[in-house]
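Each chain is listed here by its residues.
Number of protein chains: 2
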Amino acid sequence: MKTYSISEVAKELNLTPYTLRYYDKEGLMPLVERTSSGIRLFKESDIAALKVIECLKSTGMPIKEIKNFIDWCSDGDSTLNQRYDMFMERKATVESQMEELKKTMEVIEHKCLYYKTALDAGTEDIHKKAKIGISGPN
Amino acid sequence: MKTYSISEVAKELNLTPYTLRYYDKEGLMPLVERTSSGIRLFKESDIAALKVIECLKSTGMPIKEIKNFIDWCSDGDSTLNQRYDMFMERKATVESQMEELKKTMEVIEHKCLYYKTALDAGTEDIHKKAKIGISGPN
DNA sequence: TTAATCCTTACAGTTAACTCTAAGTCAAGC
DNA sequence: GCTTGACTTAGAGTTAACTGTAAGGATTAA
Chain B
1 MKTYSISEVA KELNLTPYTL RYYDKEGLMP LVERTSSGIR LFKESDIAAL
51 KVIECLKSTG MPIKEIKNFI DWCSDGDSTL NQRYDMFMER KATVESQMEE
101 LKKTMEVIEH KCLYYKTALD AGTEDIHKKA KIGISGPN
Chain W
139 MKTYSISEVA KELNLTPYTL RYYDKEGLMP LVERTSSGIR LFKESDIAAL
189 KVIECLKSTG MPIKEIKNFI DWCSDGDSTL NQRYDMFMER KATVESQMEE
239 LKKTMEVIEH KCLYYKTALD AGTEDIHKKA KIGISGPN
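Which chain is which? The protein sequence lines are B and W, in order.
Using the working numbering, you'd call the opening residue of the first sequence number 1 and step up by one each time.
Using the working numbering, you'd call the opening residue of the second sequence number 139 and step up by one each time.
Certain hints may be false.
What the hints assert, rightly or not - If you only want the chain B side, here are some residues facing chain W, beta carbon under 10 Å, derived:
| id | residue |
| --- | --- |
| 1 | Leu31 |
| 2 | Tyr84 |
| 3 | Arg90 |
| 4 | Gln97 |
Hints were generated in silico from the structure; no laboratory data involved.
Every value quoted in this text rests on a predicted model; they were computed, and no experiment measured them.
Think of the CB as a built atom: it goes at the ideal place given N, C-alpha and C, for glycine as much as any other residue.
Let the hints inform the model, and build the full structure from the sequences given.
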C-alpha cells in the first residue's frame with residue numbers, strides 16, 4: 001500500500017509539517033503508522049481523515065472538539081449517536097453560516113452599486129442630493 | 139436627533155463597550171460626536187457605519203484593512219475608486235467563501251447519512267461489509 | 001447623595017492555532 | 001561520506017482581536 005511522508009501530505013493539504021505534527025500532538029491523528037525508526041507513514045485513509053478534519057475546521061469547530069470526535073471514532077459503535085449528533089449540529093451551523101453569508105453578500109452588493117453610481121457621477125454627493133433629480137430620494 | 143450611549147450601541151450590535159472603544163482606538167469610528175464632557179454620542183448613522191464594519195469583518199477582513207476604508211471615506215471623492223474596488227474584491231471573496239461552504243456542506247451531509255445508516259444498523263461495519271448486501275460496495 | 005455609567009491612559013492577560021528554534025538523533029539515497 | 005529530510009522534547013514567539021484591570025475623574029438619574 002502506498003504511503004506518504006509528512007511533507008507530501010502537508011503539500012497536498014496546503015498545510016505545513018509543523019501543523020501536522022501539532023495536530024498529532026493534539027490527538028487528531030491517532031491512527032498514523034510509523035516506520036521502526038519512528039517516521040510517519042500516511043496512508044490514503046489518513047489523508048481522507050485529515051480532509052474531514054479540515055472540513056470540520058472550516059465550519060469553525062475548534063481543535064479540542066474535533067479531538068472529541070476522533071476519540072469517539074476510536075471508541076467504536078458505542079459513540080455512533082454522539083457522532084451523528086455532532087454532524088447534525090455541524091449541518092445546522094453551516095446552514096446558519098450560509099444565511100449569514102447571504103446577508104453579508106446583500107450588503108456588499110448594495111455597496112458595489114452605491115460606489116458604481118458614485119463613481120459614474122464623479123461624486124458621492126449623488127446619493128445625498130437625490131432630491132434634485134426627477135426620481136426623488138431613494 | 140436621537141443619540142445612543144456606548145453600552146446601548148454595544149447591546150444592539152452584540153458587542154461590548156470595550157470592543158467599541160477598541161475599534162475607536164484603532165481608527166474605525168472617526169465620526170462619533172462627544173458631549174462637552176467627552177461622552178460618546180452615537181447617531182443612527184454611526185450605528186449604520188458600525189454595521190458595515192461588522193459586515194466587512196464577517197467577510198474575514200482584518201481591522202487594519204477596514205481602517206483603510208474608513209480613512210478613504212474621510213478623504214472624500216478622490217478615493218471612490220479604491221472603495222469601489224475594495225467592495226468588488228470583497229464580493230469575490232464572499233463568493234468563494236460561499237463555494238467553500240457548499241463543499242463543506244456536501245461533506246457534512248454525506249457524514250450525516252453515513253452515521254444515520256450506521257446508527258440504524260447499530261454498527262459502523264455496515265459500511266465496511268457492504269459486499270454482503272445486494273447493492274454491493276458504495 | 002449615591003449608584004450607575006461614562007471617560008481617560010497604560011498596559012497586562014487571554015485565546016486559538018499555529019510557527020519556529022534549539023539541540024541532538026537517525027536513516028536513506030547518491 | 002554527505003546531504004536531505006525525517007524524528008524527538010521543550011519551549012518561546014507570533015498574530016489577531018479582543019478583554020479586562022487599575023487608578024483617577026466626571027456626569028447623570030433617582
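Hints, verified against the model:
1. Leu31: Not OK, violated: B:Leu31 not within 10 Å of chain W, min 15 Å.
2. Tyr84: holds (4 Å)
3. Arg90: Holds - the Cβ of B:Arg90 comes within 10 Å of chain W, reaching about 5 Å at its closest.
4. Gln97: Since chain W brings a Cβ to about 6 Å from B:Gln97, closer than 10 Å, the hint holds.
The structure does not agree with numbered hint 1 stated previously, though it agrees with all others.
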